[in-house]
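Protein chains: 2
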Amino acid sequence: MRTFILPPEFNGEHEFKLSAKDTHYLTRVLRMKEGSAFAGRDRKGNGWNLSIILHKQDVCIIGCQQAGPSFTSAPEALPAYNLKLREIHVYIGLCKGKKFDQIIRQATEIGATRIVPLETEHAVVTLAEKDLSSVHAKTARWNTIVKEALQQCGSQVPTEISTPMAIDGMISEWGNKGPVLVFHEAPIARQTPLFEVLHNLPPSLPIALVIGPEGGFSPNEIDRFMSQGFNSILLKTNILRSETAAIYALSVVQSYLEEFRDE
Amino acid sequence: MRTFILPPEFNGEHEFKLSAKDTHYLTRVLRMKEGSAFAGRDRKGNGWNLSIILHKQDVCIIGCQQAGPSFTSAPEALPAYNLKLREIHVYIGLCKGKKFDQIIRQATEIGATRIVPLETEHAVVTLAEKDLSSVHAKTARWNTIVKEALQQCGSQVPTEISTPMAIDGMISEWGNKGPVLVFHEAPIARQTPLFEVLHNLPPSLPIALVIGPEGGFSPNEIDRFMSQGFNSILLKTNILRSETAAIYALSVVQSYLEEFRDE
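Chains D and S supply the protein sequences, listed in that same order. In terms of our numbering, the first sequence opens at residue 8 and continues consecutively. In terms of our numbering, the second sequence opens at residue 8 and continues consecutively.
One should not assume that every hint holds.
One copy or any two copies: either way a pair holds, since identical chains are not told apart in the list.
Below are the DSS-like pairs computed for lysine-lysine, each with C-alpha atoms no more than 27 angstroms apart in a straight line [to be verified]:
| id | residue 1 | residue 2 |
| --- | --- | --- |
| 1 | K154 | K243 |
| 2 | K154 | K91 |
| 3 | K243 | K40 |
| 4 | K154 | K51 |
Bear in mind the hints are in silico, worked out from the structure with no lab data behind them. Nothing here was measured: the structure is a model prediction, and the numbers come from that model.
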């Protein structure tokens, strides 16, 4: 564990009582003891210097001090690159369980702001037919994967998972927040080279990346995107499975944005 | 299957007898019949228009015609981007089974020329202590993953897996073939921004990417690399697990090289 992710109930208390599960994780899995100091983050991405004040069976009280720009308790918890990462939202066509888990894990590590499962025509998986409780179960599992990935990579970005939405939902919720880059495996009219799009991005706005499911987007869906003025991009590589395409696109876009920062 | 990967024994014959295993794959798994046409590649990456001439139980004879720049039998087998990809060799610190399998699968999809497992000081896995037969078994499994990935993505690059080597072995086998980019999670002296390195790469030479294991390279290892004049690069992102770092680095480097091609 690089940083401990504080539960959503944490609200800046100086002393905070952990759940039995978190207590087990810290004291059994990581073998921490009373007095152990470690780095943490709350759900807004703020850093906290934490230490175990009391541990008795399945109860653990931790002391919490806001960390400011660095951690005193565990300075190695901070990645070497610690400027604020540009906001990137990843909309990705739903795919089968393990593949989608892998995307969530890797996109969280890289520091995506938000991951949004997209219901598309060619998607192998659809949630629309399923009852609400199974959608909730899926979202809960995804949130666990995010938490584990955040604890491992020390990311300052508290990646969010949205509930799945259709393309119309994506278009209306995104509105004019910022530029949208749609990655599509087949060439279509009006495609701009990726680095030209990146070079011309307006400063500081959040960016949305849209990646199709296995089999790509349908012609209808591509038309919907194009009518919104989104950028369509053909990656100059082989045909990638969607879990690889998502990480490929996110890596290139983030590394460009961080290298050529606005400020 | 996008393209069928011909066995190493294939030597340009007009008619070729497949193994029982390949016969089973084409006729049972993919339900192809006599007369079925499909796209294939040999182990050098050349395209072939293939068709089943005869199928009897576990024997299958296929007809083979060299495809030139496109496939007539299955034109969709060719990725939309079909220029020759720049040669990229990925040296990656050995990590545990499933993670390493994932790296091989994704790097093959993306079109890495060669993947070389590196034995490093911090590696969780070492093969040096193991007997030759278990190294062979591992290499055989990796080759199966490569073949499956090639069949799925239609890559023109017949990705190779080398037998594992130590850092000294890497340095002597690479020699002066081309620039080497070493990705390291901690900042060290003389680090150049990634895009500056990419911008200054000499044209057409093969590129080597070197990615550390979980825990990164040791100071000794970094010294060895630096004394060779390799480029050390700190990715401007969170701390990534090695399987994510490998794909992140490969994606950024490949997309830059393909966007700004020499010819």
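Right, here's what the structure says about each hint:
no.: 1; hint: K154 with K243; verdict: between (33 angstroms within a copy, 22 angstroms between copies)
no.: 2; hint: K154 with K91; verdict: within (19 angstroms within a copy, 41 angstroms between copies)
no.: 3; hint: K243 with K40; verdict: neither (52 angstroms within a copy, 34 angstroms between copies)
no.: 4; hint: K154 with K51; verdict: within (13 angstroms within a copy, 44 angstroms between copies)
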